[in-house]
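Quick mapping for you: the protein sequence lines, in order, are chains A and B. The working numbering puts the first residue of the first sequence at 1, with every later residue one more than the last. The working numbering puts the first residue of the second sequence at 291, with every later residue one more than the last.
Quick caveat, the hints were computed from the structure, so don't treat them as lab data. We put the CB at the ideal spot given by N, CA and C, even for glycine.
Selected chain B positions facing chain A (Cβ under 8 Å, derived; list incomplete):
{"#": "1", "residue": "S341"}
{"#": "2", "residue": "P506"}
{"#": "3", "residue": "S508"}
{"#": "4", "residue": "R517"}
{"#": "5", "residue": "A521"}
{"#": "6", "residue": "P534"}
{"#": "7", "residue": "V546"}
{"#": "8", "residue": "G608"}
Far from chain B by the CB rule (all over 12 Å, computed), these chain A residues:
{"#": "9", "residue": "L35"}
{"#": "10", "residue": "L56"}
{"#": "11", "residue": "A70"}
{"#": "12", "residue": "E96"}
{"#": "13", "residue": "L98"}
{"#": "14", "residue": "Q192"}
{"#": "15", "residue": "I275"}
{"#": "16", "residue": "I278"}
{"#": "17", "residue": "A281"}
{"#": "18", "residue": "R283"}
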Amino acid sequence: MFSWDLLANAVVSGLLLGGFYAAVSLGISLIFGLLEIANIAQPAFVVLGAYAAYVLNNAYEVDPILTGLAFTPVFYVLGAVVYRVYYESFERRGDEALRGLVFFFGLLFILEVSLSLKFGVDYRLVQTAYTKTSIEFGGVGIAFRYLVPCVIGIAMTLALYLFLSRTFYGRAIRAVSQDQQALRLMGVNPIQIKTIAFGVGIAAASLAGALLICIAPVIPSTDRDYIGRMFAITVLGGMGSIGGTLVAGIILGVAESFMATFFGPSWSLAVSFGILLIALAVRPAGLFGR
Amino acid sequence: MSQPWIRPLRSWALIGALTGMFVVASAGTFVAQAADPIKIGLGMALTGGLSANGKPALLAMQIWKDDVNKKGGLLGRPVELVFYDDQTNPATVPGIYAKLLDVDKVDLVVSGYGTNLIAPLMPIAMERKLTVIGIFGLGNNEKYRYPNYFQISPTGPDPATSTATGFFELAAKQTPKPQTVALVGADAEYPQTALGGARELIKRLGFKTVYDRTYPPSTVDYTPIVRAIKATNPDIVFVASYPPDSVGMLRAAHEVGLQPKIMGGGMVGLQFTTVMASMGPMLNGIVNYDYWVPEPTMMFPGIQDFYKQYQPRAAKEGVDTLGYYLPPYAYAAMQVLGQAVEASKSLDQQKIADYIRNTEFSTIVGKIRFGKNGEWAKGRTLMVQYQKVQGSDIEQFRGPGKKPVLYPEELKSGNIIYPYSAALK
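The whole structure should be built from the sequences, with the hints applied where relevant.
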């Protein structure tokens, strides 16, 4: 069944999917990869972002991506509050390992149940011009509902990379992940920096949620499909490496697409996670890890 | 200054009051006993993956309870539903039913929604000799052959082939007859069973399989799968999928330009209101299974009254607004149970089961008689085709014409548009 057309399509589909995977994983890359906080509620925030996009699209036909952007400050504040609660309740007391994990598990369920109570459990989708459009270049089909999330995923990666490498707060976030004590000695409050980093990570979920609902229908429990992938991409890319997250997303996306096209889709997830295991065996810190 | 006769009067008054209180209290106890509700217990998927169907099913059962209580209840006692959220997690089911039976002391039970949630209930039901009505389980009793289990979806005595039978029999009747088949479905219990049935039908009707693959339920991008199917150029594409993959496959088919002669079969989710509204004209031409549609041949006694109650309440509660898929059958399941209790004048599990086994029931989804393994004695899985769907207005689905019944012959309400590409014009 091999043909060059199929191969080209599989690679392009994988690249587009990879860009989207990067978008949904950036927040966890920042929070788990840099701050080392196992925020397993991150996918629930992504789904919350998807519902925000759905509500405005359904009521006023607002573009979901615009909604995702507009809601980033709200999600930032939400993230900052969540981190403060987590810090006061667990981190400050040194209980962050297991109890912190339970806290985020609880948060995930609270968000899920709240969405169920508010919106019910019907599958929700959005209507935009680009979710129904696709183009073809020399036998390679490109669906806009994947192209748009991919482009935005790459833009988010670039923006986060520049923020972390070129701004004071970005450099402080990277510093806090390396040595909190040194940062404190330089007169910077590490808790404030972590609050900002956590807020930025949750803000990214707002935009990622908007991209998610462009691609597929969403119900409150959709978050469970993404937990494994998000953490796998973060670990494969290298803890805290923003560029690595994009590369890892693309590797998983291309692997899934390639397997689905040529060897049967059943193998796609197994192969993706197989790649993760092999990569970690060769480079335990991930592809671009320190 | 008190009068001397007042003291005895006060004593008599006190005695009278105490006696009165005792009489009232006794009468109250008696009334309470007489009006003790009949408790029907269940676990239901109110959160998790199957909750989009679980919540409407529960709503339908609550409507039945209200209807029955308005008419005086069962055996002169009001009916109460005791339910817990099984979270679409089979591991919660044994605990939920143990609590229902041992703590809540329910009189009767019905199952939660779906094959995976019914499976853990079967051993409990057998151990405690319960009569159980299953809500849309596919072949749950094939291995157990438990005589007191009854299943409400109209899949019939051979659940495995129920979805594929109508689809492939319809395909075989078309001119020119399609020859090649692509089979695709999710790696999950229902799709696997449906695909198994499809393989049997393909062999029986002489088609040739050119693609037969499954995918993980958490797949995000379906375009590579659809492209691989398109590369094999099949005449028939049979899809056995759950709601997110049904949407993903349909969108990908349109993006990739997959146009076999006939497509659909076992796509769960295309029957849901929000999915129909969002997919709109993309649905045109799909031939898919269904259980109830608002066509003239499906207007059984009581069904319209049911929807008059269901649809406003569903809109308020944010669940499947049209509710054509599962709700009427959930209501019918309760009708069967209620009629069996009334007729056998008993809450005895065995008497109720015996009555259900030997009786034909009149319900809002038509006449039901149970047969082998507690399934409908004669299957009635419909094949419908989406036709002339325009825009995303759900109002268009309230009347006939958008999903005419093509199969079975006795319920047919329209003709197939063949090939698939003709329905897209």
